[in-house]
Amino acid sequence: MTASPLVRDLLRMLEPDGVLCEPEDLLVYECDGLALFRATPEAVVLPRSTEQVAGVVRFCAARGVPIVARGAGTGLSGGATPAPGGIVLELARMNRILDVDAEDRTAHVETGLVNADLSAAVRSKGLFYAPDPSSQFASTIGGNVAENSGGPHGFKYGQTVRHVLGLTVVLNDGSVARIGGPNAENPGYDLVGVFVGSEGTFGIATEAWLRLTPIPPFVETLLFSFRSLLDGCRAVSEMVAAGVEAAALEMLDDRTIAAIEASVYAAGYPKEVGAVLLVELDGTREEVEAQAREARSIAKRCGALATSEAVEEAERARLWKGRKSAFGAMGRIAPDLYVQDAVVPRSRIAEVLAKIGAIADRHRLRLANVFHAGDGNLHPNLSYDARDADEVRRVLQAGEEMLRACVEAGGSLSGEHGIGLEKRDFMGLLFTEADLEAMGRVRRAFDPQGVFNPGKVLPLRACRERVPAPAEEPVAP
Amino acid sequence: MIATGKAGEALDRAGLGPVREADARRCSALGAEALPEVAPREPGQVAEVLRFCAKERLACVPVGGGTELSFGGVPRRVDLLVSTSNLTGVVEYAPADLTATVRAGTTLGVLRETVSRNRHEVPLEASGGDWATLGGVLAAASDGPRRLLWGSPREQVLGIAVAHPDGTIAKAGGRVVKNVTGYDLPRLHAGALGTLGVIVEATIRLRPKPRAARAAGVAFHELDAAAGFLRAVRASPLRPSTLDLLDPEGAQTAFGAEFAAGWLFLVRFDGEEAALEAEGGRLRALAAERGGRFLPFANPERVLLEDPRRIAWGGALLWLRASTVPSMVPTFLERIRREAGGRPVSALARAGIGTIHILAGGEFPLSEVPTFVGAARETARGLGASLLVVDAPPAARRDLPVWGEAPGGIAVMRRLKQAFDPEGVLSPGRFVEGL
Amino acid sequence: MAEIAALPRPGPAGPIDSPDALLAYERSLDCVHCGLCLPKCPTYLLTGREPSSPRGRIYLMRSWAEGRIAASERLSAELDFCLVCRACETVCPAGVRFGEMMEHARDEIGRARPDRAAGGFPRRFLLHFLLPSRSRMRRALALLRLYSFPPLRALLRPLLPKELRRREALLPRVPARLARLPELTPAQVGRRGRVAILRGCVTESLLPETTRATAAVLARNGWEVVAPEEPPCCGALHAHFGEIERAQALAKATIAAYEASGAETMVVDSAGCGSVMKEYGALLARDPAWKGRAVYFASRVRDVCEFLVERGFEPPARELRARVAYADACHLLHAQRVSSPPREVLRSIPGLTLVPLPETELCCGAAGIYTITNPETSRALLDRKVEILRKVRPDYLANGNPGCLLHYAAGLRGEGLPTNAVHPVELLAKAYEAPGR
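Protein chains in written order, with the numbering used here: chain F, 1 to 477; chain E, 1 to 435; chain X, 1 to 437.
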C-alpha cells in the first residue's frame, strides 16, 4: 500500500511501527467500548514520549487534522470514536511508572499505564490507587483522567479528579505545560480540576502525578439479598441517611446476577433473589464493626432475605470481580449491549428505576440494572442485536427517554462514562445556551482551533466559533 | 448624595442601585480611600451590574463577607464593590440526598445552623469562620483544619451558577453527588477569586455529623522529635480528621501558658465512639514512644484553629501561606524559624495536608516585610513549595510579589481570563500574573 | 464536519461457507468490546496495538465474516501473529471461545490464501510431512541429534545464513539416547486400573525423561500404563494453525487407538495435546459417525497432574531439597483451567520450596510452532521470562507442556542460567526415587 502524504510525514516523527495505516488496522480503531458509533481514522500513531506527542500535535494542528487520544478504548460514551479525517493517538506504549513517593503517597506515571497496574505496583508499600472503574484491569490512567472515571469505591474515595494532583499536558500548539503538582495548593486557576473530565477535548495528558491511598487496615464486604430492587433501594437510602460511611454501596438485579454467575467471574451471588446489595466497609476494626452492625440492622428492617460477609481478601476480590465483569458478562444475553449511565438524587432511585423499567417494557427491550446505589449513579443495561436496525432504533429511543426521566427527577446525564458522542445532543436537557457557551469558552481557551476530539461533549452549535469543519479541510499540505 | 463617585452615580442612573458607600475596612483592604458598593437582590441583577461595568469599563471587586478581601494582589483599579450580602438564603436543602443549594451571600454560620437540625455538617471552613459567605469561601478556596477529613473545598461543590460580564448567568455541574456532565467549571471558579465571574449560587455536599469526636495535643521540645512523630502518625493506620502543628510561639499565643515551650500537634478524630477510644490509645502510644507529652482536650472543638491569625501575637501584620508536601513540613518550619531570627513570627502547619501559615505579629518591623517575604519565597523555591501573601498592609502589598512565579499553563489562564472578562473589569490585577 | 451516526451492523456476508465458520461468527458476537482481555494478551502487551489484541482480532474476524474486509495479507498476518495462548478466554466475562474462533478463521482464511501462511516452508514441512508420521519424525530427530554433536555443530553453524543462525539458537538439543518406552508398563503396587498415555510426537525423543516419569509415576500409584505406537500425533498443532482437516484425521486415529487400548482414562503430560483432545467433541461435531465417540473420548482426557490429584496419589516420603518455580502453561491454565493440581503435586514433595513467579499467566512464546512462524515475538516473550528467572533464580522451572519446556530450556541455556526446565511429574518421580527408601 502506498502511504498517504499524512502518513509519510507522521513516519518521520515516529518509529516505523509507530504509525498504522493499513485498512485492517484502521478498522479496529473505528469504535471504543461503545460500538454503536463508528468512524475510520486516517492513521493511528503510537508515540513513546511526550516529545513525540508534541511533535504529532504541532504537525496536525498546523494542518487542521483532528486528533483523538485513546487509551485502552474501554470508554462507553464514544469519547474515543475517531474524528472523520483525523488521526487516533494511542497512548498504550507510554505506560511507565516514573516515580513512587511512599511517604507523601504520590506516584508519577505516564498516562498509558493501566489503572490496576499502579495499584499492583504500590501494594507492597501498603498503598493503592483508589479510583476503581469496572474497566480498571484494562483502562488507562489517561482515559480515566479524560473521563473523570468513578467506580464502586468512588462513593467514599471520590472520582478520579480527587486523585490527580498534577499533569503534563500537550496543548493545541504542541507546547508542553505542567499544570498542578504534588503540593496541596497551586497558584492560579485549577487547570487540573477542569482538565480532568474534559474528555480529550482540551489537550493530551502524557504524565500524571497521582495521589495514592493507604490500604485500610480492615475491610469487610457485606452482601444482602432482597426480594426486590425497591427493598434494596430503601436500605441504601437509610444507610446513607444514618451516616453509614461505606466505601462502596452497589446494587445488582436478578438479570445481572444470572449473567455474572454464568461467567468465569461467578462470585457466588445468591440466585432467585430480586436484588443483591454489596456494602463494603473499611477503616479500623472497631469502626468497621460498629458500621457493620448498623448496616445489618437497617438491611434487616428493610426486608433483607439473607446476609453474608467476607473479610478474607480473596473472597472479597471474588465478589468485586463479579460486579466489575457485569458489563462484559451481559454479552451472553444478546450480541450487543447498551450501557446507560445517569445520576439521580439518592432519595429518588426507586421511583426512577420504576420509570426506567416501564420504558424498557414499552420498547420491548431486555433490561438489567447494576448500579452505584450510594451515589445514585444508575446503569440500566439494554441488551440488543446490532444487526436488527429496528431494535437499534428502539434502544436509542429508550436510552433518551431514560435520560429524560433522570433529568426530570433532578439528576444528570452522566455520572462517570462521560458525554462523548453518545449524549452530546442531550446536553440541552440540562443546560441553557448560556451554560453551554461558558463551557465552549473554556474549551476554546485550551484549544482555540478545535484540534482535540472535535464533535464531542458540546452540541455543535456551542462550538460555533471554532475553525471550519476538519473534514472539509485538506488532510495534508 | 453620598460619595459614591461617578461609578455609583452611573449605576444609580441605570437603575441598578441602590448604591451605598463601602465599609472603610473593605476599602483599605483594596488600597482605596472610599468606594461605592452595590448589593443586588437577585442573581440576574448581579449579571446586569457586571454587564454595565463591562460596558462602562468600570473595575469591580466581588465581595461576600469581606473576610478574604486582602487575599491576592492589590487590584490595579477599583471603581465598585459588588456585594452578595443581599443574595442570601438556602434555595434547597435535601437532607435525604445530603446536598444543599445556597445563594452565594449566605454565611457559613447560617448554613451550619440550618443543617445541624438533621445532624448534618457543612464540610467547609474559612478563616472568617461563621462570617464567611459560601461564595467567598468557594472563590478563595478557603480551607481549615478538617480538610484532612473532608478533602479540598473544591470537592464539596457539586454545582455552581456564575454571573459573567457579558450579562449572562451560566450554570455548571448539578445537584447530584456524582456527575461528569459537561466540563467541571465549579473547579475552575473555586479559587479564582471572582476574576472569571461572580458566583451567585452553589450546590454543596453535606456530611452526616460524626457521632463523636476526640481531640488531643501532643507536645515536643524538639522539632526533630516532632518530625519523627509526624512521620509515624502518617505511616500508621490512624486517620485523624485534623493534624495541625504549631511552632512554640504559635502554641503559646493560641493556647497560653498551658502549652508553652514546645512544638504542639493538634490532633482530632471523628467517628464512632468505640473506634475513637482505640484511636486515642494508639495516638497516646505513638506520642509516648517519641517522648511527646500527651494532652487530651476535654472539648474537641478547641483544637479547630479555623483562623490562622489566632497564632499571631498582637494582631497579624503579615500572613503568608506556603504549600508543600507533608514530608517537607518540618524542614520548611525550621528554615522559616531561622529566617525570622527572633522577630515575632509564628507558624501553623496543616501538617497532614502540606499547607503552612506564617504570621508576623503586630510588632514585626514594617520596613523589614519585603526582605522577609523575599527570604520566605527563596526558601519555598528551594523546597519546591509555593508561597503566597494572604495579607499584608496594602502599602507594602502593592510592591510585594504576592503570587510568585508564573504557574504552569499560564497561557491557558490568560486565554480563560480573556474569554470570560475581555474588558478586564473583574478585580483586574488581583490574580496571578496580574490577571 | 461529517457527522458520526449510530449504525446498525451488517449480518454475515459472502466469505463464510462452512457451518463451523458461521458458528464461529455467531460466537464472535458474544464479545461486547469491553476490553478486559487487552492487558492479558502477550502481543498487545508487546505492541500496544489494538489489532494485535484479542478484541481487535475478534473485530477483524467479525468484519471479514461480514464482508467488510477481504482475506488480505495483513489479515492473515495478524491472525498468525496471535499465539492462541487463550489468556483472553480466562478473563473474558462474556465467555468468548477465542481459540475455537481463531482455529476456524485461520482455516477459512488460509483456504482463501493457501500459500501465504506464516512460517512458509518450515511450517508446512513440520505440519504436513513430519508430524503425521512417527518414522519420519524419528529420522528427523536422529539427524538433529547428529547435528547436536558439539564438534559437528561448531563446524556447521558458521556456515548458516545469519537469519538461520538466530533460529538455530532455539533448536532443541536432542538427548544422546533415544529412549523407547515399552508399550505396556505394569502397575507397581496393587493395580487400580489401566490408563493410556501419549507417546507423543516430539516428547518421546526430545523429552524422554518426561514420558518416562509420567509412566513411572502412574505405575507407582497403581496404574497399568499403555503407550500405543499409533497415532503419531494428536493433531494439536494442526488445529491451532487452522489446518482443520488434517487435525480431524489425526484426532480420529487418536480416538481409535485409545478405544483399542482398553484404558479407562487418557492421561496427558502435554498441555497443548490435552487441550485439543479435550475439545475433540467440537472438532468432530459435524461428523455424525465420530461425534459421539469424540465427545466421550474428550470426557476421558486428563492432564497428568489433574489425574493424580483427582484420583489421589501417594506423597513422596523422602525429601527433595530444591527451589522450584511453577510457570503455568497457557494450554493448561487458559485452555483447560488447570492451575492448582500441578502446584499441589509439587507441594506434596517434602523439602521442595515453591517460589512465586511473576507473570506466570503470560505466554512464554513457544506456542506450538510459533517459534517458527514468528521467531522475533517468540524470542521477545522468552527474553521477558528469562529476565524474570534471572531474578528469581530457582533450581527448577516446572511447566506442564513440552513445547514450553524446550523453549524455556533454550532460553535458560542461552543465558547460562543454572535453572533446569522440567515437567512437575519429573520432580515427583525424582522424589519417589530419592535415595534411602
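You may find that some hints are simply not true.
[Unchecked claim] Pairs of lysine-lysine residues, derived as BS3-like cross-links and limited to a Cα-Cα distance of at most 30 Å, are as follows: (1) K209/E to K156/F; (2) K321/F to K271/F; (3) K300/F to K321/F; (4) K291/X to K252/X; (5) K355/F to K125/F; (6) K391/X to K125/F; (7) K209/E to K300/F; (8) K125/F to K271/F.
[Stated by the list, open to error] Covered stretches of chain X (in silico footprint by chain F; criterion: 3 or more residues with CB under 8 Å from a CB of chain F, positions within the stretch not fixed): (9) 21 to 34; (10) 46 to 52; (11) 60 to 71; (12) 74 to 81; (13) 90 to 104.
[Said to hold, decoys possible] Here are some of the chain F residues that sit facing chain E, going by a computed Cβ distance under 8 Å: (14) S4; (15) A334; (16) V344; (17) A350; (18) E351; (19) G415.
Read the hints as simulated data drawn from the structure, not as lab findings.
Built from N, CA and C at the ideal position, the CB exists for glycine as well.
Results for each hint:
At roughly 15 Å between alpha-carbon atoms, K209/E and K156/F fall within 30 Å of each other, so this suggested pair holds. A hinted pair counts as satisfied when its Cα atoms are at most 30 Å apart, and K321/F with K271/F qualifies at roughly 17 Å. Proposed proximity of K300/F and K321/F is supported: the alpha carbons are some 26 Å apart, at most 30 Å. With a C-alpha separation of about 10 Å, the suggested pair K291/X and K252/X falls inside the 30 Å cut-off, and the hint holds.
Simply put, K355/F and K125/F have alpha-carbon atoms about 47 Å apart, too far for the 30 Å limit, and the pair is violated. A distance of roughly 20 Å separates the Cα atoms of K391/X and K125/F; the hinted pair therefore holds under the 30 Å criterion. For the hint linking K209/E to K300/F, the alpha-carbon distance of about 24 Å falls within 30 Å, and the restraint holds. With a C-alpha separation of about 39 Å, the suggested pairing of K125/F with K271/F is violated against the 30 Å cut-off.
Residue count for the segment 21 to 34 of chain X with a Cβ under 8 Å from a Cβ of chain F: 6. That meets the three needed, and the coverage hint holds. Restraint check on the segment 46 to 52 of chain X versus chain F: 5 residues with Cβ-Cβ distances below 8 Å, three needed, restraint holds. Chain F is given as covering the segment 60 to 71 of chain X, and this holds because 4 residues of the stretch bring a CB closer than 8 Å to a CB of that chain, at least three being needed. Interface restraint, the segment 74 to 81 of chain X with chain F: holds (3 residues with C-beta to C-beta distance below 8 Å; minimum three).
For the segment 90 to 104 of chain X, the stated coverage by chain F holds: 7 residues have a C-beta nearer than 8 Å to a C-beta of that chain, and at least 3 were required. Contact between S4/F and chain E, as hinted, is not supported at the beta carbon level, the nearest pair being about 32 Å apart and thus beyond 8 Å. Look at A334/F: its Cβ only gets to about 27 Å from chain E, farther than 8 Å, so that hint breaks. Proximity of V344/F to chain E holds as hinted, the smallest CB-CB distance being about 7 Å (cut-off 8 Å).
Hint on A350/F is violated. Least Cβ distance to chain E is approximately 12 Å, over the 8 Å limit. For E351/F, the interface hint is violated, since its Cβ never comes within 8 Å of a Cβ in chain E; the closest pair sits about 12 Å apart. Given hint, G415/F at the interface with chain E, holds; its Cβ is 4 Å from that chain's nearest Cβ, closer than 8 Å.
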